[in-house]
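What follows is the residue order along each chain.
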Amino acid sequence: MADEEKNTVRETEEARLKVPGSNGSEGGKSKKARIEVMKTYKLFIDGKFPRTESGRYTVLKDNAGHSLANVCRASRKDFREAVVAARKAQAGWAAKSAFLKGQILYRIAEVLEGRKAQFADELVQMDTPQRVAEAEVRLAIDRLVYYAGWSDKYMQVFSSVNPVESPHFNFSMPEPTGVVSVLAPQETGLAGLISTIAPAIVGGNTVVVLASEKFPLSAITFGEVLHSSDVPGGVVNILTGNHVELLAHFSNHMDVNACIYCGDDAEQIKTVQVNAALNVKRAVIYPKNDWFESGSQSPYRIMDLQEIKTTWHPVGF
Amino acid sequence: MKKRIIKNKISPLSFNGGWGGSYAEAPESADHIQLKDTYDLFINGKFTAPSSGNYFDSINPANEKRLARVADANEKDVDKAVAAANHAYEKVWSRMPAAERSKYIYRIARIMQERARELAVIESLDGGKPIRESRDIDIPLASAHFFYYAGWADKLDYATPGAKSKPVGVAGQIIPWNFPLLMAAWKIAPALAAGNTVILKPAETTPLTALKLAEIIQEAELPDGVVNILSGAGSTGAALVNHPGIHKIAFTGSTEVGKIIQKSLAGTSKRYSLELGGKAANIIFEDAAIDQAVEGIVNGIFFNQGHVCCAGSRLFVQESIANTVMRKLKDRMETLIVGDPLDKNTDIGAINSKDQLEKIKKYVKIGTSEGGACYQSSCSLPSKGYWFRPTLFTNVSQSSRIVQEEIFGPVLSIQTFRTTEEAIEKANNIPYGLSGGVWTDKGSKIFKVTSQIRAGVIWANTYNKFDPTSPFGGYKESGMGREGGLHGLMPYLEIQH
Chain R
618 MADEEKNTVR ETEEARLKVP GSNGSEGGKS KKARIEVMKT YKLFIDGKFP
668 RTESGRYTVL KDNAGHSLAN VCRASRKDFR EAVVAARKAQ AGWAAKSAFL
718 KGQILYRIAE VLEGRKAQFA DELVQMDTPQ RVAEAEVRLA IDRLVYYAGW
768 SDKYMQVFSS VNPVESPHFN FSMPEPTGVV SVLAPQETGL AGLISTIAPA
818 IVGGNTVVVL ASEKFPLSAI TFGEVLHSSD VPGGVVNILT GNHVELLAHF
868 SNHMDVNACI YCGDDAEQIK TVQVNAALNV KRAVIYPKND WFESGSQSPY
918 RIMDLQEIKT TWHPVGF
Chain W
-11 MKKRIIKNKI SPLSFNGGWG GSYAEAPESA DHIQLKDTYD LFINGKFTAP
39 SSGNYFDSIN PANEKRLARV ADANEKDVDK AVAAANHAYE KVWSRMPAAE
89 RSKYIYRIAR IMQERARELA VIESLDGGKP IRESRDIDIP LASAHFFYYA
139 GWADKLDYAT PGAKSKPVGV AGQIIPWNFP LLMAAWKIAP ALAAGNTVIL
189 KPAETTPLTA LKLAEIIQEA ELPDGVVNIL SGAGSTGAAL VNHPGIHKIA
239 FTGSTEVGKI IQKSLAGTSK RYSLELGGKA ANIIFEDAAI DQAVEGIVNG
289 IFFNQGHVCC AGSRLFVQES IANTVMRKLK DRMETLIVGD PLDKNTDIGA
339 INSKDQLEKI KKYVKIGTSE GGACYQSSCS LPSKGYWFRP TLFTNVSQSS
389 RIVQEEIFGP VLSIQTFRTT EEAIEKANNI PYGLSGGVWT DKGSKIFKVT
439 SQIRAGVIWA NTYNKFDPTS PFGGYKESGM GREGGLHGLM PYLEIQH
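Here the protein sequences come in this chain order: R and W. According to the working numbering, the first sequence is numbered sequentially starting from 618. According to the working numbering, the second sequence is numbered sequentially starting from -11.
Next comes chain R alone, as it looks inside the complex (with noise of 0.2 Å):
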């Protein structure tokens, strides 16, 4: 088509679509034509998107000040059903086969890949440059390309047989530590939480996230992705809200196995490190950094989060 063309088709959809009373000869005053449907924006817990419990919400605005979105501010009860659901899910997820759970992850990342654009629309809304933005987004779908590729093979890599003395077999073998708090990193929307998430459940965790508080709305986009995935409700839970005030809940909790908080406050590390001790809780930390390195993608990632277990069977007739 022509580019004549196309604007004569561009004017006749705009004079179709003009509001009755108005101006219709201001081409700008056209684009009031159609009503934008805003998102609204909840949690993501057990498989499905309710409103945080407490009824709260923060204003998320962008640089020049304009309302993105009433985020939900997720509270302690929202993160302790969160857990409840993870729980839930753990066994079930864990047992999945190997094959299985690479499958789903790699169903995530096609299916996020068919959703770039409103991913990076929405990083761009939060002012990231549109450049990072889509670089971002690309990230995030290569990684979970790469941790759906360890689903079979950390346990290869990282299991033995043991030539143990006595006349038994023995082998040793990782498993999931079981439900994982997440305190996803601040400085990015998307690539922080998918470094983080998608080790913990490709080895058989369950997570419960709380998203950037700078880019919540990516997070909860997110969850729209897993949720048609064929990820099972519960496998990963995503909430919103004020890190300062979840941050207790989310390392104190005594159905959780490990707590990943990422960033370096020193006072907030502490703070985890020392709710850890209350059941011998797995603390795991992650400096800030740059996730877009290829340093933040590692099978030892998978194995911050796993457990060695050990079997012994006697040998004989």
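Rather than coming from a laboratory, the hints here were simulated on the basis of the structure. Check each hint, because a few of them may be wrong.
[What the hints assert, rightly or not] Restraint-style ranges between C-beta atoms, simulated for each label pair: (1) W/N311 - R/R673: 52 to 62 Å; (2) W/A71 - R/E910: 36 to 46 Å; (3) W/S17 - R/D769: 33 to 43 Å; (4) W/G150 - R/F909: 18 to 28 Å; (5) W/Q484 - R/D744: 26 to 36 Å; (6) R/A712 - W/K53: 54 to 64 Å; (7) W/G359 - R/R673: 43 to 53 Å; (8) W/K143 - R/V741: 31 to 41 Å; (9) R/K770 - W/K436: 21 to 31 Å.
[Unchecked claim] Simulated crosslink set (DSS-like; lysine-lysine; CA at most 27 Å straight-line): (10) R/K705 - W/K433; (11) W/K53 - R/K705; (12) R/K887 - W/K251; (13) R/K705 - W/K436; (14) W/K64 - W/K152; (15) W/K68 - W/K24; (16) W/K53 - W/K349; (17) R/K770 - W/K433; (18) R/K770 - W/K154; (19) R/K887 - W/K247; (20) W/K318 - W/K414.
[Said to hold, decoys possible] Sample of chain W residues with no beta-carbon within 12 Å of chain R, all distances over it, derived: (21) N32; (22) A37; (23) N51; (24) K68; (25) R103; (26) E106; (27) P211; (28) Q250; (29) K251; (30) I354; (31) R389; (32) T450; (33) Y463.
In this text, a Cβ means the ideal position worked out from N, Cα and C, and glycines have one as well.
Go by the hints and put chain W onto chain R.
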């Protein structure tokens, strides 16, 4: 000669076939044992008097007699040891070619083998464990641990596929009294192989074999300061945990103390590995080989007087075979000989300390007051020393304290179950996750059940087996990190992505 009389009512199914005779004593000679009257602290390759001038007694729990006076290390001594260990790490051990490091560790393994009998006797004298166990299990395994890890020193690149690693630095290591020399080996051997230097604190009731190990380390001519051994009690351990010059803490002991250590280390850059308490389920299915299972139950709970963090202290028996198992278990318990740890016939030695004996008695009282039915074998006990009869409890529930809490003594609680799912649920319904046992002749059931028990070591159709190549350590509140095997290197290596 004094005879041990086995007095009991013999049932027709009794293990010993109704033989009511007695065993002649068969004591291991202790004549060749060289124990000094006084042991100082081992710092920077030399035995050094404690800065406080204080010593405490290490006694023989079988006769309450003093074996030696042992130095009590305080913060100043810890300071000295930390300085020595850091110096040795920076100037000597981390710079030495790995193959040379390896040879030093091999030397330690070999000298331990040469002095095995001496070490076994001292272990039994100091800790109260039967000589059969210290001679056949503790000492050979301790030596084997050094032998195994020695070979890792120059092969560490193969331990962390796709990544480089470096040693952590100076490791502070705190060990318990139930396997004194073996725990020292579990701690020191992987640390040295990975290139770290160490400060080890043995338990206050069993410091002697660790101090003998210090002699062996001198004999092996290990560079000064690479291994430092500080005897002392809880305050010495706390000084180690809190010392800023230490890069890693490795602790084996109770979950209660483990939590205190984990909390103390919060906000520091120190790494830690914890091997804590347990309350293992030992599950007997109706299709198990019952006689073997009964042996496994006995080994599971009465090995080392039940002073074992991975003891099979919660027995679950499938309902259909409960009566048979109970009868056979009681008969077998009657044959267990409790007495002189140095006697080769002894099955159950002395309880490690008066405190521990009091703790066991307290739990038995709690078990009875909560409605449990207590059964004990009828064996006679020596008049001096600390002893406890093999004990079992029936009529207990999941919520009973003796079912939920670690007793660390020869006390077994027994529950029954109907379905496999019920057994797994009950097994996992506890904050601990160190070990577990499964007894069935059905292979597919073994894989299903062992994979569903949330614990770090599972024995199927066997129990309480250990090997240097086999990782050991817990899930949940039983700790973090592994000791033994390839995975046992990880707490002593820092992975560089």
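Here is what the structure says about each hint:
1. Here the CB-CB span from W/N311 to R/R673 is close to 60 Å, well matched to the stated 52 to 62 Å.
2. Evaluation of the 36 to 46 Å hint for W/A71 and R/E910 yields a pass: the beta carbon distance comes to about 38 Å.
3. Take W/S17 and R/D769: their Cβ atoms lie about 58 Å apart, and the range 33 to 43 Å is violated.
4. One distance hint, 18 to 28 Å for the beta-carbon pair W/G150 and R/F909, holds here, with the actual separation near 20 Å.
5. In this structure the supplied range 26 to 36 Å holds for W/Q484 paired with R/D744, their Cβ-Cβ distance being about 35 Å.
6. For the hinted restraint 54 to 64 Å between R/A712 and W/K53, the CB-CB distance of approximately 56 Å keeps it satisfied.
7. Between W/G359 and R/R673 the Cβ separation comes to about 48 Å, which falls inside the hinted range of 43 to 53 Å.
8. Between W/K143 and R/V741 the C-beta distance comes to about 51 Å, which lies outside the given range of 31 to 41 Å.
9. Under the hint 21 to 31 Å, the C-beta atoms of R/K770 and W/K436, about 24 Å apart, fit the expected range.
10. Between R/K705 and W/K433, the direct Cα distance comes to roughly 23 Å. Compliance with the 27 Å bound is thereby established for this hinted pair.
11. Note on W/K53 and R/K705: the hinted pairing is violated, with a Cα-Cα distance of about 55 Å set against a maximum of 27 Å.
12. About 9 Å separates the Cα atoms of R/K887 and W/K251, which keeps this hinted pair within 27 Å; it holds.
13. The hinted pair formed by R/K705 and W/K436 meets the criterion: a straight-line CA distance of about 19 Å does not exceed 27 Å.
14. Proximity of W/K64 to W/K152 is assessed by CA-CA distance (about 36 Å); at most 27 Å being required, the pair is judged violated.
15. A distance of roughly 24 Å separates the Cα atoms of W/K68 and W/K24; the hinted pair therefore holds under the 27 Å criterion.
16. Distance restraint check for W/K53 and W/K349: the Cα-Cα separation of roughly 22 Å lies within the 27 Å cut-off, and the hinted pair is therefore satisfied.
17. Restraint check for R/K770 and W/K433: satisfied, since their Cα atoms lie roughly 25 Å apart, inside the 27 Å limit.
18. Proposed proximity of R/K770 and W/K154 is supported: the alpha carbons are some 25 Å apart, at most 27 Å.
19. As the CA atoms of R/K887 and W/K247 are separated by approximately 15 Å, the hinted pair is consistent with the 27 Å bound.
20. Between W/K318 and W/K414 the CA atoms are separated by roughly 24 Å; this keeps the pair inside 27 Å, and the hint holds.
21. Chain R leaves W/N32 outside its interface by the beta-carbon criterion, the shortest separation being 32 Å against a cut-off of 12 Å.
22. For W/A37, the non-interface assignment is confirmed: its Cβ lies about 36 Å from the closest Cβ of chain R, beyond the 12 Å cut-off.
23. Residue placement check: W/N51 keeps its beta carbon more than 12 Å from all beta carbons of chain R (closest about 34 Å).
24. The Cβ of W/K68 lies farther than 12 Å from every Cβ of chain R, with a closest approach of about 29 Å, so its non-interface assignment holds.
25. Under the 12 Å C-beta cut-off, the non-interface status given to W/R103 relative to chain R holds; the minimum distance is some 20 Å.
26. Once the 12 Å rule is applied to beta carbons, W/E106 is consistent with being away from chain R; the minimum gap is 22 Å.
27. At roughly 30 Å from the closest C-beta of chain R, the C-beta of W/P211 stays outside 12 Å, upholding its exclusion from the interface.
28. Listed as a non-interface residue, W/Q250 fails to keep its Cβ farther than 12 Å from every Cβ of chain R; the least gap is roughly 4 Å.
29. Against chain R, the non-interface label of W/K251 is violated: not every CB pair exceeds 12 Å, the least being about 4 Å.
30. Its beta-carbon lying about 23 Å from the closest one in chain R, W/I354 satisfies the requirement of being farther than 12 Å from that chain.
31. Here W/R389 stays apart from chain R, with its beta-carbon at least about 19 Å from theirs, past the 12 Å limit.
32. At roughly 5 Å, the least C-beta separation between W/T450 and chain R is not larger than 12 Å, which violates its mark as non-interface.
33. With a cut of 12 Å on Cβ distances, W/Y463 falls inside the contact zone with chain R, its closest approach being about 5 Å.
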